[in-house]
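A.B. asks: Residue numbers (this note's numbering), protein chains in the order written: chain A, 1 to 111; chain B, 112 to 226.
Hints were generated in silico from the structure; no laboratory data involved. Just so you know, these numbers come straight off a predicted model, no measurement behind them.
Here are some, though not all, of the chain A residues that point toward chain B, as calculated from beta-carbon distances under 8 Å: (1) G42; (2) L43; (3) F45; (4) E48; (5) N56; (6) L90; (7) E99; (8) Q100; (9) F101; (10) F102; (11) G103; (12) P104; (13) G105.
Pulled from the structure, derived: some chain B residues nowhere near chain A, Cβ distances all over 10 Å: (14) V124; (15) V138; (16) T139; (17) L172; (18) P226.
Label pairs and their computed distance ranges (CB to CB): (19) B/R142 to A/R107: 29 to 35 Å; (20) A/N77 to B/N140: 29 to 35 Å; (21) B/E180 to A/R30: 34 to 40 Å; (22) B/E126 to A/T53: 44 to 50 Å; (23) B/E112 to A/T53: 22 to 28 Å; (24) B/G127 to A/T7: 38 to 44 Å.
Yeah, the Cβ is synthetic: ideal placement off N, Cα and C, and Gly gets one too.
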Amino acid sequence: KAGVTQTPRYLIKTRGQQVTLSCSPISGHRSVSWYQQTPGQGLQFLFEYFSETQRNKGNFPGRFSGRQFSNSRSEMNVSTLELGDSALYLCASSFLGNEQFFGPGTRLTVL
Amino acid sequence: EDKVVQSPLSLVVHEGDTVTLNCSYEVTNFRSLLWYKQEKKAPTFLFMLTSSGIEKKSGRLSSILDKKELFSILNITATQTGDSAIYLCAVEAQNSGGSNYKLTFGKGTLLTVNP
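Modelling step: build the complete structure from the supplied sequences, incorporating the hints.
C.D. replies: Take a look at the structure:
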């Protein structure tokens with residue numbers, strides 16, 4: 001079974017730009033969660049989608065948004081990028097929502 | 112707000128040593144506690160614990176949960192250099208809306224095993 005895939009693996013953007021990250025879950029998994037990981041804050045929950053609906057949301061500003069498609073693939077969008085948005089963005093999929101399988105992440109650098 | 116605290120933040124040991132990593136939590140409506148190992152990029156699942164006092168074991172790794180004292184430990188015996196990684200603890204709890212669950216992660220313990 002193929003694992004969780006994320007694209008792109010690396011991104012470099014400048015402040016004020018926007019970015020869209022993509023995540024394809026394991027086949028059959030309907031839950032997709034997004035996390036931001038930085039050295040100082042660790043892994044922080046952004047949001048979770050299940051069957052195309054946002055089911056949970058973390059404490060991030062509205063510049064961070066996401067969506068899920070009918071094939072369970074998910075995208076995350078960050079608008080008006082700030083330097084502090086530089087991080088590893090991880091996507092995780094699960095069947096029932098607890099045991100999560102992580103993708104390799106997208107490393108975003110904001111200059 | 113849900114809180115998960117791991118200790119120590121980092122640890123350096125020699126091959127063959129035994130290590131114990133700690134995870135304490137304060138959450139509302141606990142459902143499960145999970146341990147992950149993160150080497151280069153993606154965390155990989157190790158254990159899920161839901162009941163107190165029942166040890167989960169996988170090779171040289173084992174973990175146990177104490178729901179009364181609100182903590183879990185992850186033990187690694189006879190450590191090897193390949194055990195070097197960040198070990199993450201996450202707690203699944205019911206969200207404020209009451210209908211769904213979400214994971215809250217600790218900041219991790221960076222374990223370095225020297226030859």
